[in-house]
Amino acid sequence: MTINADWYLALSVVLFSIGALGVLIRRNVLVMFMCVELMLNAANLAFVTFARQLNDIGGQVLVFFVLVVAAAEVVVGLGIVVAIFRRRANATADDLHAMKG
Amino acid sequence: MVTTLGVVLTALTTTVHPSWVDVGTFSVSAAIILAGAIGVVVARNPVHSALMLVMTLFGVAVLFVLQRDPFLAAVQVIVYAGAIVVLFLFVIMFLGVDREEDVALEPLRGQRPLAIGLVVLGTTGLLLLGQVSRWTTGAPHVAGLSTGPESNVYLLGRSVYTTYLFPFEATAALLIIAVVGAVVLARRPPVTVNPDPDPDTGADAGVGTVADPAPAGGGDPVGELGGQPAPAAGGMAEEGPA
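Same order as they appear, the protein sequences are chains P and R.
Numbering-wise, the first sequence is residues 1 to 101 according to the working numbering.
Numbering-wise, the second sequence is residues 1 to 242 according to the working numbering.
Worth flagging that the hints you see were computed from the coordinates, not collected in a lab.
Here the structure is a predicted model, which means the values were calculated and not measured.
Warning: the hint list may mix true and false statements.
Residues on chain R that point at chain P, a partial pick, calculated with CB under 8 Å [unchecked claim]:
id, residue
1, Leu127
2, Leu128
3, Val132
4, Val153
5, Leu155
6, Thr171
7, Ala173
8, Gly181
9, Ala186
In this text, a Cβ means the ideal position worked out from N, Cα and C, and glycines have one as well.
Generate coordinates for the entire structure from the input sequences, incorporating the hints supplied.
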């Protein structure tokens, strides 16, 4: 038999938490993006687990859409990072206060 | 490759019923995933973070295979490890930010302990919630069966092109918008030579966003961009060689 779904979901929870922790404590914008990818992967893992558990194809279709959205997000996000770096030599998240009132 | 691995795994698990194969694969994959995720967070060099991310993505792909989902595992490896991480590495190398970050510096006092505490609290709460209640609830196979005599790719494709046709078309629009946005963002700002220094612009420069035009567009005199009139952003964007 296969592994119980609880283990997959617990792993997904832990993976999501590590990603969220990375977004909160890192200051490099690129690393924060990678941590967002970690969180998306945790959600993907949970989706696939639920799809198997409920015998439902919808979870797998959602993973498909999450992949597309992640690709679009990375393209636009990295474009923004490149545009910021063109103006400033270093762009940690703390330095981005140009629009502060 | 992944599909072959899936076929081998399926054959192993269905014929012999050795649960230790599943347990072993899951344990090793989980260890790889968690080690990679922690590596992404704690690595000081962004390149190391990206490589650790690849490790995590491969572990997740193995778990997809383990859950009888070989197509998404292949897509995961191709799209994530093959495209997105390469994009990350490309930007890291392109910007030359592959230097160490000073992790010890903490500009917001007390942010890190607060973040760690919140995350640990939330994780513990979720895990306990899964223990005292049930992890999986809901009606089974609402959108269609995920197993059957047809292959996984067939079921997924049929569902995408029938039930989820409108979201599928919406993602097409989303990708187009993302491409257009990336092109607009990556465009170099037009280099305009300001004949008279504007006092308003000079005041704006004191805020701290001193745009150095030399690395921005100095080395690449593109004719079509240079010929444009003053940008729409006005005084905020262009400090120029005043």
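Hint check results:
1. Look at Leu127 of chain R: its Cβ gets to within about 6 Å of chain P, closer than 8 Å, so that hint holds up.
2. With its C-beta approaching chain P no nearer than about 11 Å, Leu128 of chain R sits outside the 8 Å limit, and its interface hint is violated.
3. A cut of 8 Å between beta carbons decides the hint on Val132 of chain R: the least distance to chain P is about 12 Å, and the hint is violated.
4. Interface restraint check: Val153 of chain R against chain P, minimum CB-CB distance 10 Å, threshold 8 Å, status violated.
5. Hint status for Leu155 of chain R: holds, given a least beta-carbon distance of 5 Å to chain P, under 8 Å.
6. Given hint, Thr171 of chain R at the interface with chain P, holds; its Cβ is 4 Å from that chain's nearest Cβ, closer than 8 Å.
7. Interface restraint check: Ala173 of chain R against chain P, minimum CB-CB distance 10 Å, threshold 8 Å, status violated.
8. Checking Gly181 of chain R against chain P by beta carbon gives a least distance of about 5 Å; that is within 8 Å, so the hint holds.
9. Look at Ala186 of chain R: its Cβ gets to within about 6 Å of chain P, closer than 8 Å, so that hint holds up.
When held up to the earlier numbered hints, the structure conflicts with 2, 3, 4 and 7 and fits the remainder.
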